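Assemble chains B and C onto chain A, guided by the hints.
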Amino acid sequence: MNHLHPAVEQALDTLPLNRLTRRRLLRGTGLASASLAASALIAGCTDKPTASAAGAIGNFPKTPSWKYVFVCHVTTNPFFTPTQYGAEDACKLLGVQYQWTGSVNSVVAEMVDATNTAVSAKADGIALAVVDKAAFRAPVDKALDAGIPVVSFNADGARDDPGTNRLAYIGQGLYESGYELGRRALAQVASGDVAAFIATPGQLNIQPRIDGAQQAFKDSGKPVTCTAVATNADITQGLSIIDAYVQGHQNLAGLLAVDAGSTQSVGQTVAKYKLRDKGLKVAGGFDLVPETLAAIKSGDLDYTIDQQPYLQGFLPVFALYLYKLSGGLLFPTQTNTGLLFVTKDNVDPYQGSKTRYEGSDTAPKLVDRSGPIPHA
Amino acid sequence: MSDVTVRTGARQPPGALLRRARDAFLRRREASVLVVAIGLVVYFQVATPIFLTTDNLRNIAQATAPTAIVAVGIVFLLVSGEIDISVGMVAALAPYLMHYAIDLYGVAAVPAVVLALAISALIGLANGLITTRLRVPSFVTTLGMFYLLYGILLTTSHAYPVAVPEAAKGRLQAWLGGADWATLIWCLAIVATFHIVLTRTRWGLHTISVGGNLHGATEAGIRVNRIKVGNFMLVSVLGALAGLMEAFRINSIDPNIGGGTRITFTAIAAAVIGGTALAGGSGTVAGALIGMFVLAVLQNGFNLIGVSANPFFLIQGAAILFSMIANQYLSRLRRRGGN
Amino acid sequence: MAAEALRVEGVEKRFGALTVLRDVNLRVDRGEVLGLLGDNGAGKSTLINVICGFHRPDAGRLLVDGTEVALRSVDHARSLGIDTVYQDLALINELSVYHNMFLNRERRIGPLLNNRLMRRLATEHLRDMGVDIPDVTVDAAKLSGGQRQAVAVARSVYSDARILLLDEPLAAMGAKEATIILDLVSDLKARGDMAIVIIAHNYAQALQVCDRVNVLQQGRITFDRPTADTSVTELTELMVPGYRNRRGARHDPRAEGA
Numbered sequence: 001m002n003h004l005h006p007a008v009e010q011a012l013d014t015l016p017l018n019r020l021t022r023r024r025l026l027r028g029t030g031l032a033s034a035s036l037a038a039s040a041l042i043a044g045c046t047d048k049p050t051a052s053a054a055g056a057i058g059n060f061p062k063t064p065s066w067k068y069v070f071v072c073h074v075t076t077n078p079f080f081t082p083t084q085y086g087a088e089d090a091c092k093l094l095g096v097q098y099q100w101t102g103s104v105n106s107v108v109a110e111m112v113d114a115t116n117t118a119v120s121a122k123a124d125g126i127a128l129a130v131v132d133k134a135a136f137r138a139p140v141d142k143a144l145d146a147g148i149p150v151v152s153f154n155a156d157g158a159r160d161d162p163g164t165n166r167l168a169y170i171g172q173g174l175y176e177s178g179y180e181l182g183r184r185a186l187a188q189v190a191s192g193d194v195a196a197f198i199a200t201p202g203q204l205n206i207q208p209r210i211d212g213a214q215q216a217f218k219d220s221g222k223p224v225t226c227t228a229v230a231t232n233a234d235i236t237q238g239l240s241i242i243d244a245y246v247q248g249h250q251n252l253a254g255l256l257a258v259d260a261g262s263t264q265s266v267g268q269t270v271a272k273y274k275l276r277d278k279g280l281k282v283a284g285g286f287d288l289v290p291e292t293l294a295a296i297k298s299g300d301l302d303y304t305i306d307q308q309p310y311l312q313g314f315l316p317v318f319a320l321y322l323y324k325l326s327g328g329l330l331f332p333t334q335t336n337t338g339l340l341f342v343t344k345d346n347v348d349p350y351q352g353s354k355t356r357y358e359g360s361d362t363a364p365k366l367v368d369r370s371g372p373i374p375h376a
Numbered sequence: 001m002s003d004v005t006v007r008t009g010a011r012q013p014p015g016a017l018l019r020r021a022r023d024a025f026l027r028r029r030e031a032s033v034l035v036v037a038i039g040l041v042v043y044f045q046v047a048t049p050i051f052l053t054t055d056n057l058r059n060i061a062q063a064t065a066p067t068a069i070v071a072v073g074i075v076f077l078l079v080s081g082e083i084d085i086s087v088g089m090v091a092a093l094a095p096y097l098m099h100y101a102i103d104l105y106g107v108a109a110v111p112a113v114v115l116a117l118a119i120s121a122l123i124g125l126a127n128g129l130i131t132t133r134l135r136v137p138s139f140v141t142t143l144g145m146f147y148l149l150y151g152i153l154l155t156t157s158h159a160y161p162v163a164v165p166e167a168a169k170g171r172l173q174a175w176l177g178g179a180d181w182a183t184l185i186w187c188l189a190i191v192a193t194f195h196i197v198l199t200r201t202r203w204g205l206h207t208i209s210v211g212g213n214l215h216g217a218t219e220a221g222i223r224v225n226r227i228k229v230g231n232f233m234l235v236s237v238l239g240a241l242a243g244l245m246e247a248f249r250i251n252s253i254d255p256n257i258g259g260g261t262r263i264t265f266t267a268i269a270a271a272v273i274g275g276t277a278l279a280g281g282s283g284t285v286a287g288a289l290i291g292m293f294v295l296a297v298l299q300n301g302f303n304l305i306g307v308s309a310n311p312f313f314l315i316q317g318a319a320i321l322f323s324m325i326a327n328q329y330l331s332r333l334r335r336r337g338g339n
Numbered sequence: 001m002a003a004e005a006l007r008v009e010g011v012e013k014r015f016g017a018l019t020v021l022r023d024v025n026l027r028v029d030r031g032e033v034l035g036l037l038g039d040n041g042a043g044k045s046t047l048i049n050v051i052c053g054f055h056r057p058d059a060g061r062l063l064v065d066g067t068e069v070a071l072r073s074v075d076h077a078r079s080l081g082i083d084t085v086y087q088d089l090a091l092i093n094e095l096s097v098y099h100n101m102f103l104n105r106e107r108r109i110g111p112l113l114n115n116r117l118m119r120r121l122a123t124e125h126l127r128d129m130g131v132d133i134p135d136v137t138v139d140a141a142k143l144s145g146g147q148r149q150a151v152a153v154a155r156s157v158y159s160d161a162r163i164l165l166l167d168e169p170l171a172a173m174g175a176k177e178a179t180i181i182l183d184l185v186s187d188l189k190a191r192g193d194m195a196i197v198i199i200a201h202n203y204a205q206a207l208q209v210c211d212r213v214n215v216l217q218q219g220r221i222t223f224d225r226p227t228a229d230t231s232v233t234e235l236t237e238l239m240v241p242g243y244r245n246r247r248g249a250r251h252d253p254r255a256e257g258a
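Going line by line, the protein sequences match chains A, B and C.
Residues 1 to 376 (this note's numbering) are what the first sequence spells out, left to right.
Residues 1 to 339 (this note's numbering) are what the second sequence spells out, left to right.
Residues 1 to 258 (this note's numbering) are what the third sequence spells out, left to right.
For reference, chain A alone in the conformation it holds in the complex:
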């Protein structure tokens, strides 16, 4: 009983227990102790700020411990791990809290329910991944009518229609990033067939990228065809699909992908069939999963695009905070969280460091960087 897991210890500390109750909780059995333990566990699982929420922070005045709700479409996807770290770090800085909820499998109804619950719970701000053009309009309107600021992150409806009246979008320009993906590919390919893989076609957080890529190819005027191919949200199945496609279509000029899983699988397929020796001119994709970075290092992939998920958690917190702090006068702004190409030249630090900011480590630390910054 003396060896408590630090998480439990920490959770216990958050409960207002006198010494007797605490001792009984640690020693006791039975329903009372079990329910106390359950409450402690729940309390430990909600993100409570350790900084003094009541006191003023830096130059900011004292504010209540505001609560922001992030509604995500794939809550357990590792892509969003750095996003959660970003939100957490921002909350700790400002003395506020966040909750990470939504749907596990992109079920829009679940996300709508989570948004409605946040409104009923009188959240102080909502960050929402708008993966559907029509379903979120009413919930967001309801939130705004209730005086709750709403920003979108990671996805913002369709290209021509953000689908909601959110105050701003914080994330990568999806269509633009797809366009850049295509444009960069065109630098290495003058003619032929290019296959662009997408895990879940139609989904509004990645479909615009394919649209952008295909448009880039069209705009170039070059005799290059870009075919969109659906893979799968499940990476292992996606790998089999890409593998089969490559076998069935010899002499492809380029392989592109617009999501993390497909990109990783493309890299693995290129390596498996040594496609670079067989006339493949270009291979590229999105996001920085370890396999992708390794493929870049080895040359199987030419480039990948980082959308900096950490910022997609960090910046919304600040946007929502400043809005409330200033009484609505500091309005959230459209923020592009970046479109950075990671290539063989600059992949080393990404691979080498395990940091919280890429999601590969939990410990906050200062990552050293020296030397000139590459530029065109």
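These are calculated hints, taken from the structure and not from any lab test.
Treat the hints loosely; a few may be bogus.
To be verified - What follows is a set of in silico ranges between Cβ atoms, one per label pair, in the way DEER data are often shown:
#1 G15/B to H201/C: 37 to 45 Å
#2 E68/C to Q328/B: 53 to 61 Å
#3 S331/B to G130/C: 35 to 43 Å
#4 G15/B to A175/C: 50 to 58 Å
#5 S331/B to S79/C: 54 to 62 Å
#6 W181/B to R72/C: 52 to 60 Å
None of these values were measured; they are calculated from a predicted model.
From the three backbone atoms N, C-alpha and C, an ideal C-beta is built for every residue, glycine too.
Showing chains B and C alone in chain A's frame:
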């Protein structure tokens, strides 16, 4: 011999009266899950006072209603001794069927809805015939149907979400799920109707017989295949209705609502938590509604408290187990009291 | 002379290469209780199944009340008053006694069940038959073995069965439970309009209630005697030597030589 002795003439001490009332209540199959539900409501109200606000109750109602409707059908099918794991896909496909009818074939809104329900009934018919005529276990039949429907859904829709057709907007949409309490009203009506069907009609009686003693029911002359097929069709139609209502509620037709198996398993869980036996032969429709309410309250309550996604599943799993154990314990009390 | 309720003539039944019944001849009169005895595997169940319409015989004919009938199905047989009470009893455990009594013949008001009427009728009928079940609303699962049998028999009688076939009604029943059934059968016999065939293994009990016994051996009725003219010993001797002969021929070297 009855376990309740009545002393006529003498006045009963209040304790005995209370004990009799408690026994009568506990004897009902739904009692245990109701106790659990009330316990949870009390817990969450204490934990976050906004739990019982109209706003939040509406959220709970909207989360409960559609899956509860599916659970009603699942109860009938489970009681008759079969299972259907494709119903989530029917729920996902039905709005698309309506959309195709309206936008591709120019069918008017209400007939399109009826058509979607009719096609779903045919899916249930197929499930039933394959299970009863070809003797394929229903789990396998509906598993195959699940993938078949998934494939149809994906190839015809290209997995794109679709807007609710213009023709269906307006009053139809409001009545079928758009209005705030619409889904709850439908749910309560369906639960009430089918609870009566299960307990007070021939169909219900025969369903119980088929599930409780298939051999015996056959010998008594009951058309067991007809009962099973009918219940398969019931599940599919209710699933389609739930899918249509969800689409109208969130104002979008989402291919993911089949969610893999979210609706299906939640509906089955609700039925089982509510007191329906997985093995067949006994079940309660009202219990399934309460069971679904328990699941929705868990989901909503923990969300309100602020539990984040990753630990959420830990809590939800533990809570379901705890609810079920409490349920079993109370059921045992009930049985012991009845003997 | 009592009217002949059921006559089986020259019935033959094969399953593939196996001939289970060959040239079975049997009759039961109204007001008579016939005991059908025989070893396991002798074909008793098959014979019952032929009589109640479940199997079609390959040869031979059936006569009900003197008229030849070709039974198309169990339902057809039921419509002629032939009903079987099987060992597994066809009672639904999760339903009440009165619902079981009226299974597939439920009384209704519109689409809803008329439970009150069925309760009343069930209580009356069971009382008339002398079956002691005070509360017809209990689940069938709570009844004892004898009571369950009684309910099953009562259900058949209530549905106008007049030729009743009881498949091993006394199996797995203690003395007290068996008495319930034996008394019930006696009461039914006393009515005078029922013909009852009982398959039994316990010769003593069979002789107690049956008027006549038939023995089925190797697909034929080899023994047909009024109960008064036979005894448990004689029946046992009838069964055992056949077995002893077959056994002796295999194992006893003395049976082979000399």
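Checked hints:
| no. | hint | verdict |
| --- | --- | --- |
| 1 | G15/B to H201/C: 37 to 45 Å | violated (54 Å) |
| 2 | E68/C to Q328/B: 53 to 61 Å | holds (59 Å) |
| 3 | S331/B to G130/C: 35 to 43 Å | holds (37 Å) |
| 4 | G15/B to A175/C: 50 to 58 Å | violated (43 Å) |
| 5 | S331/B to S79/C: 54 to 62 Å | violated (43 Å) |
| 6 | W181/B to R72/C: 52 to 60 Å | holds (56 Å) |
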